[in-house]
Amino acid sequence: MKNDKGKYYRRIRMAKRIVSHIFLILIVIFSIFPIYYVLLMSLSPLSNLSQMTIEKLIPNLTYLTTNNYEAILYHYPFLTWLKNTLIFSTSATFFGVLMAISSGLALSRMNIPLKKVILYMMLILSLFPFVIMVIPFYFMFSELGLVNSYTGLIIAYSAGAVIFASWLIKNYVDMIPKDYEEAAQIDGYTRTGALFRVVLPIAKPVVIFALVLSFMGPYTDYALAGQLLTNPSMYTMAIGMYYVSQGTVSMNYGTYSAFAVLMGIPIFLLFFAFQRYLVSGFSIAMYK
Amino acid sequence: MVRKVGSWSLKSLLFILPVIVVLIFLDFYPIAYSIYMSFTNFGEFHFFNYSFIGLENYIRIVKSGFLWQLLWQNAIYAFGSVALFAPLGFIIALVMNQRGLRGKTFYRTAILFPWAYPAFITILIWQGMLDYRFGIVNELLEKIGIKPIYWLGTPGTAMLSIILVNLWLSFPYYSYVFTSAMQSIPSELYEAAEMDGYGPIGRLKNIIMPMLSRQIAFVVIFGFIFTWNNFYIPFLLTGGGPGTSTQILITYSYSSAFSYLQFGIGAAYSVISILVLLVIVIIANHYSKMMTVLY
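So the protein sequences, as listed, match chains Z and W.
In terms of the numbering used here, the first sequence is residues 134 to 421.
In terms of the numbering used here, the second sequence is residues 336 to 630.
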């Protein structure tokens with residue numbers, strides 16, 4: 134009798150396992166499929182979408198080709214777009230995160246007049262999307278002669294990154310016990326020195342998170358760049374991708390896929406390289 | 336003496352000065368500028384000689400009846416997205432949190448793909464996949480006997496496509512939030528529940544749900560706030576079409592300004608979008624006290 138019951142429970146557990154695995158495998162297919170699909174398209178000799186059939190979803194190694202990559206590299210100003218994107222992204226990340234580190238540390242550890250007001254403002258502003266700023270920025274920068282200039286967009290992107298990043302760093306540093314700095318001060322560090330030499334290294338996860346987040350914004354921004362940059366030699370990858378994507382469904386989908394892979398893979402690898410910082414950084418900073 | 340009292344705070348002001356400058360010149364000033372523009376006839380016909388016209392833009396927007404359509408679509412977009420990605424994230428976390436399940440690392444890594452790849456690109460990939468004639472989605476559906484669907488071509492299915500693509504983009508993050516929250520529940524609680532004879536559903540109802548109420552509130556509120564103004568999915572996937580059936584306030588603000596060159600009207604729509612969001616934040620704060628992170 135008891136044995137039967139044990140068997141019954143084992144079977145139920147077994148069935149639960151199988152159902153769980155089937156469910157998770159379906160979810161995995163759902164998540165990976167679009168990226169697999171575009172990678173396959175980029176390497177296949179098919180020139181347009183209509184030639185893609187289900188049978189071809191299983192790659193035939195003898196047909197794989199790099200033609201599409203050659204096309205995007207040689208027939209489009211891809212390298213110019215890449216250069217511009219990297220100029221905008223790295224400069225904005227550098228300035229934005231530098232400001233965010235200094236203000237995040239200060240907001241967490243120093244006495245600042247109107248601190249609560251500043252924090253409220255920052256929290257509310259970080260809820261607003263960057264797109265809201267496009268209309269006023271467009272006219273402000275036109276008046277200042279910053280259209281089609283690196284400076285204008287770098288200023289805008291740094292501003293876009295700094296508020297949320299300061300907020301994240303402040304929240305994270307709040308959780309670091311003050312004992313560390315106090316110990317460092319006994320060892321002869323100044324208060325500022327202790328903040329930068331001792332507290333900042335402990336806050337590494339959130340700083341890395343802020344770096345990746347600040348880099349991603351300009352890297353994939355079309356809303357502002359599409360309006361402020363009218364000179365093709367200033368175009369970024371996102372603008373290029375937007376134009377290449379228009380009307381490619383029936384033609385050149387392979388080229389477009391190669392573009393999507395070349396632009397996406399660096400971010401994809403960056404994400405996985407820093408995955409553990411990203412996940413912990415976000416959840417800790419958002420609700421401590 | 337003044338120096339002694341003031342030196343620390345003067346130094347701390349220096350630390351925060353760059354952010355104050357950014358806040359004033361690159362946040363408050365542009366927002367004020369936007370609000371001012373929304374009270375003018377700034378546009379194609381009054382580019383350099385625009386004038387203050389008071390509430391006229393707002394009156395026109397409210398009278399046109401189009402505002403209600405936009406609010407309705409915006410609400411469907413935000414509610415529909417949260418209603419799908421929050422439960423899916425929760426279920427995935429529940430399934431992955433089973434003791435002794437094999438391949439957890441593989442599953443956890445694989446579901447990160449949509450989060451790791453830039454959304455700007457994957458939205459455009461989905462646009463190709465959902466194409467009526469050539470898209471792979473319709474081809475797969477045909478294989479299992481379902482007639483091709485005009486995904487991006489009719490108002491209802493276009494909104495559905497936007498919500499489904501948003502589901503694909505968002506569920507990894509929410510699965511992670513729920514997984515880490517579930518892992519923080521002490522295992523003694525599960526053991527105690529098992530001793531008391533609770534089955535899986537009893538455990539879900541009496542332990543997991545109450546313990547996670549704060550995270551669930553967080554996901555629903557922030558999910559809604561982020562989706563409300565999430566510009567790129569409608570902008571890239573459907574461009575607001577067919578017609579205006581998938582426009583939301585922020586995309587319509589953008590196209591009013593840059594496609595129709597009605598900057599005053601465009602600014603007014605973005606002001607309305609911010610106001611709606613502020614009301615939602617105030618209500619949410621009243622119930623969940625999310626601003627308490629400040630104290």
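One or more hints might be untrue.
Listed below are the simulated SDA-like cross-link pairs for lysine to any residue, each with C-alpha atoms no more than 20 angstroms apart in a straight line [as the list claims (entries may be wrong)]:
1. K189(Z) - K439(W)
2. K248(Z) - E474(W)
3. K249(Z) - Y525(W)
4. K439(W) - I162(Z)
5. K439(W) - F263(Z)
6. K149(Z) - I359(W)
7. K439(W) - K248(Z)
8. K249(Z) - K439(W)
9. K248(Z) - F263(Z)
10. K149(Z) - Y525(W)
11. K138(Z) - E529(W)
12. K478(W) - A148(Z)
Simulated from the structure, these hints should not be mistaken for lab results.
Hints, verified against the model:
no. : hint              : result
1   : K189(Z) - K439(W) : violated (30 angstroms)
2   : K248(Z) - E474(W) : violated (57 angstroms)
3   : K249(Z) - Y525(W) : violated (40 angstroms)
4   : K439(W) - I162(Z) : holds (15 angstroms)
5   : K439(W) - F263(Z) : violated (36 angstroms)
6   : K149(Z) - I359(W) : violated (57 angstroms)
7   : K439(W) - K248(Z) : violated (43 angstroms)
8   : K249(Z) - K439(W) : violated (42 angstroms)
9   : K248(Z) - F263(Z) : violated (24 angstroms)
10  : K149(Z) - Y525(W) : holds (18 angstroms)
11  : K138(Z) - E529(W) : holds (17 angstroms)
12  : K478(W) - A148(Z) : violated (29 angstroms)
In summary, the numbered hints that this structure violates are 1, 2, 3, 5, 6, 7, 8, 9, 12.
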